[in-house]
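As they're listed, the protein sequences go chains U and S. Using our numbering, you'd call the opening residue of the first sequence number 96 and step up by one each time. Using our numbering, you'd call the opening residue of the second sequence number 122 and step up by one each time.
Bear in mind the hints are in silico, worked out from the structure with no lab data behind them. A hint or two may mislead.
Listed below are the simulated DSS-like cross-link pairs for lysine-lysine, each with C-alpha atoms no more than 25 Å apart in a straight line [what the hints assert, rightly or not]: (1) U:K227 / U:K208; (2) U:K170 / U:K244; (3) U:K208 / U:K244; (4) U:K213 / S:K164; (5) U:K208 / S:K164; (6) U:K317 / S:K164; (7) U:K223 / U:K213; (8) U:K145 / U:K196; (9) U:K208 / U:K196.
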Amino acid sequence: MTEAPILECRGLTKTYGSHRGLEDFSVALPAGRIIGLLGPNGSGKTTLIKLCAGLLRPTSGQLYIDGMPVGPDTKSIVSYLPERICFDVSMTVEGVMAYYKDFFADFDEQRAKVMLEKLNIDTARKIKELSKGTREKVQLVLVMSRRAKLYLLDEPIGGVDPATRDYILSTIISNYSPDSSVIISTHLISDVENILDEFMFINEGKLILYNNCDNVRRELGKSLDRFFREVFRC
Amino acid sequence: MPWDFDTSVPVYLQIAETVRRRIVSGEYERGSQLPSVRDLAVKAAVNPNTVQRAFMCLENDGLIETRGTMGRYVTDSLESVEAARETLAQDTIGAFCRRMEALGYTGEDTIELLKKTYEGETK
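With the sequences and hints as input, model every part of the structure.
Structure, rendered in structure tokens:
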């Protein structure tokens, strides 16, 4: 018996007025992988992630997470990192942590504390007093401290310095468990390609290609970054 | 520091190669415990599944073995390590010969040049 895919889209479509954010998108992703959602700006990455997180409703088509339609049940097993900071910036780091603890039964407070301590982040400080990089780290620590089945990370490494990038990627590697899955959306492909098992190329709301990263390297003898540049040449 | 990879070759093969070299060079001693999949994944900054796959390659080669819940160990067998050393040496020499041929050297020229280089170094 094969397990239910962690994420399954069937003919998923989302339109904004006359603009198509996502068009007839179908894919079934197996559990236990780190999967890159790769595409140029405006290709529909954030739309797909927001649909999975239950923040947008599909115009048509179906979407299942761990075999369940998106709803309150799936929100309890999905940990979502938005593109922009979603906290009330006047709250302290401690306050946001308490918020997470109240909201999510699977939040591992101890783990979050250990990670924040390692980063030398003073939890008594307010979010608005932190630098952009530190805010992103705090947000990622909270998201990765949930024992979720599916992590949805929308541009987790955008706009931070390379050392912070390394920290964020190693936090992802060391915190996800082998039976949970991570979907990372980004256009910074060379930075993430070594940590991905599989990738989806998406453009103009459509799935262009879903494949294993090492297959591309073996069969085409080129990096994912290079392949991406060729596929999406402007 | 994340390891450097040749981005056009499957990453698991490169990790297997690095671990193989470490075993042959004695950095990972015979019979000693290997780092866990997770630790190595974090150090190299790669996906744990990729490290897992690399370890499976090395297990098939008989260079490492899983001891129940104790983790993975470098083989005790001197034979297996020597065989791996020989394979690596042949690969290295093969690649060197191809490069010399590309420069227009025949096998004899290359051998002659090699001798001179070694003699020059010992003087």
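Straight-line alpha-carbon gap U:K208 to U:K244, limit 25 Å:
Holds: U:K208 and U:K244 sit about 21 Å apart, inside 25 Å.
Taking only the CA atoms, is the gap from U:K317 to S:K164 under or equal to 25 Å?
Holds - the C-alpha atoms of S:K164 and U:K317 are around 24 Å apart, at most 25 Å.
Starting from U:K208, check that the Cα of U:K196 is at most 25 Å away, please.
12 Å, holds
Run the distance test for U:K208 versus S:K164: straight-line Cα separation, threshold 25 Å.
22 Å, holds
Given the hinted pair U:K145 and U:K196, is their alpha-carbon gap at most 25 Å?
At roughly 22 Å apart (the allowed maximum being 25 Å), U:K196 and U:K145 satisfy the hint.
Checking one constraint from the list: CA of U:K223 to CA of U:K213, max 25 Å. Satisfied?
21 Å, holds
Is the straight-line distance between the alpha-carbon of U:K227 and that of U:K208 25 Å or less?
Between U:K227 and U:K208 the Cα gap is close to 20 Å, so the pair holds against 25 Å.
Between U:K213 and S:K164, is the straight-line Cα distance small enough, at 25 Å or below?
Between U:K213 and S:K164 the Cα gap is close to 17 Å, so the pair holds against 25 Å.
U:K170 and U:K244 were given as a pair; does the straight-line alpha-carbon distance stay at or below 25 Å?
10 Å, holds
Comparing the model with each numbered hint stated earlier shows that all of them hold.
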